[in-house]
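Using the numbering used here, the first residue of the sequence shown is number 1, and each one after it goes up by one.
Be aware that a few hints might be false.
[Stated by the list, open to error] In silico DSS-like links for lysine-lysine, alpha-carbon gap of 27 Å or less:
#	residue 1	residue 2
1	Lys113	Lys9
2	Lys142	Lys71
3	Lys86	Lys14
4	Lys343	Lys198
5	Lys250	Lys343
6	Lys202	Lys229
7	Lys215	Lys57
8	Lys256	Lys270
9	Lys3	Lys110
10	Lys110	Lys71
11	Lys123	Lys105
12	Lys236	Lys152
13	Lys142	Lys14
14	Lys343	Lys236
15	Lys229	Lys215
16	Lys105	Lys57
Think of the hints as simulated: they come from the structure by calculation, not from any bench.
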Amino acid sequence: MGKLETLRKLMAEKSIDYLILAPGSNSFYLTGFKEEQMERPLLLIVSHDDISFLAPKIYKEQIEALGYSGKFFSDGEDPYRELNLKGRVAIDDELRTSFTLDVLKRYDVKPEKASEIMLEIRKVKNEEEIRVMEEGVRIAEKSFEELINYIKEGVTERELSRRLQDIVIDNGAEGTSFEPIITFGSRTSMPHLRSGDKMLRKGENLVIDYGVKYKGYSTDTTRTLFFGKSSEEFRKVYEAVLEAQTEGEKVEQGVKASDVDARTRKVIEKKGYGEFFIHRTGHGIGIDVHEGPYISPDSQEILVNGECFTIEPGIYLPGKFGVRIEDMVHLSGRAIVFNLLDKELWEI
Numbered sequence: 001m002g003k004l005e006t007l008r009k010l011m012a013e014k015s016i017d018y019l020i021l022a023p024g025s026n027s028f029y030l031t032g033f034k035e036e037q038m039e040r041p042l043l044l045i046v047s048h049d050d051i052s053f054l055a056p057k058i059y060k061e062q063i064e065a066l067g068y069s070g071k072f073f074s075d076g077e078d079p080y081r082e083l084n085l086k087g088r089v090a091i092d093d094e095l096r097t098s099f100t101l102d103v104l105k106r107y108d109v110k111p112e113k114a115s116e117i118m119l120e121i122r123k124v125k126n127e128e129e130i131r132v133m134e135e136g137v138r139i140a141e142k143s144f145e146e147l148i149n150y151i152k153e154g155v156t157e158r159e160l161s162r163r164l165q166d167i168v169i170d171n172g173a174e175g176t177s178f179e180p181i182i183t184f185g186s187r188t189s190m191p192h193l194r195s196g197d198k199m200l201r202k203g204e205n206l207v208i209d210y211g212v213k214y215k216g217y218s219t220d221t222t223r224t225l226f227f228g229k230s231s232e233e234f235r236k237v238y239e240a241v242l243e244a245q246t247e248g249e250k251v252e253q254g255v256k257a258s259d260v261d262a263r264t265r266k267v268i269e270k271k272g273y274g275e276f277f278i279h280r281t282g283h284g285i286g287i288d289v290h291e292g293p294y295i296s297p298d299s300q301e302i303l304v305n306g307e308c309f310t311i312e313p314g315i316y317l318p319g320k321f322g323v324r325i326e327d328m329v330h331l332s333g334r335a336i337v338f339n340l341l342d343k344e345l346w347e348i
């Protein structure tokens, strides 16, 4: 069953008459149309017998080239003049509030959240989506190996981040899937700290959390390295994280997401670092860097074949250092790891 057929089946099950999507991940998933939301309405509207756009005329050729029709308007015209909506309408969470209000004021409809439908169908990837993500990971890992050549004393976090962003484009990616998180030394104990002007010194670790955007899909990988000879304490923490990460990758389809989180957390707790594992074990990935399923302590979701997600436990010792190791996996009976990049401690 194709994406649109799957969507319409869910719409029927939930008694949804129309679904309105904003430009972005959901629209791209269904049509391949890639644009950002602007100040004029640009909507994808799906019903049980039609899929078309409401868009400014400047997008007409672009949309028709993808094989879709639309109601196109010029500046000064009423965008909604030919649009007919009724019944239960699921509206994209990402749609601008002003456009949502336009619809609700103009039409006698019962609004619903489109996210519950779209996230459900996007979680399970088909073979083509998985193939694209595999290709993206290969580009990401090639780029990481090239970045190693630029790690030297005195380089700043920001310099490495910018270098990595250039490298991934040179290797065929559209760009990075998010601004790389590259931090050194004691700053690595803050998991989502932005790269800054900190210079690298001997005896410090590096956390490199990055991904690429390739053919519309995202990757996300983290490696922790050491510049020089690591301490016994650092190696102890690193081995604990590596063991937890490896344990998490033993997941099989049919288990609860919270059980996977518990499995990684148990390893770290046994090593005495439980209080320093301060985030969930992982998150789904696809078009967006973060999407369902979420591998967290409170998730009762049953993991199924075709889902793609990260396994990324970490230990963060405030004022000292942090260690995180992250791979991407997809389920096919068991977890198939996308990554080939070595996870043993890199000492540079």
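Hints, one by one, checked against the model:
1. Lys113 to Lys9: Given pair Lys113, Lys9 holds - Cα atoms ~16 Å apart, limit 27 Å.
2. Lys142 to Lys71: Not satisfied, since the Cα-Cα distance of roughly 44 Å exceeds 27 Å.
3. Lys86 to Lys14: Given that 27 Å is the threshold and the Cα spacing comes to 15 Å, the pair holds.
4. Lys343 to Lys198: This hinted pair holds, its Cα atoms lying about 25 Å apart.
5. Lys250 to Lys343: Roughly 16 Å between the alpha carbons, so the hint for Lys250 and Lys343 holds.
6. Lys202 to Lys229: At roughly 8 Å apart (the allowed maximum being 27 Å), Lys229 and Lys202 satisfy the hint.
7. Lys215 to Lys57: holds, 26 Å
8. Lys256 to Lys270: The hint holds at about 22 Å.
9. Lys3 to Lys110: Roughly 25 Å separates the two Cα atoms, so the pair holds.
10. Lys110 to Lys71: It holds: about 23 Å lies between the C-alpha atoms, which stays within 27 Å.
11. Lys123 to Lys105: violated, 33 Å
12. Lys236 to Lys152: Between Lys236 and Lys152 the Cα gap is close to 25 Å, so the pair holds against 27 Å.
13. Lys142 to Lys14: violated, 44 Å
14. Lys343 to Lys236: holds, 15 Å
15. Lys229 to Lys215: Violated - the C-alpha atoms of Lys215 and Lys229 are around 39 Å apart, more than 27 Å.
16. Lys105 to Lys57: Distance ~24 Å between Lys105 and Lys57 Cα, so the pair holds.
When the structure is compared with the earlier hints, violations turn up for hints 2, 11, 13, 15 and for no others.
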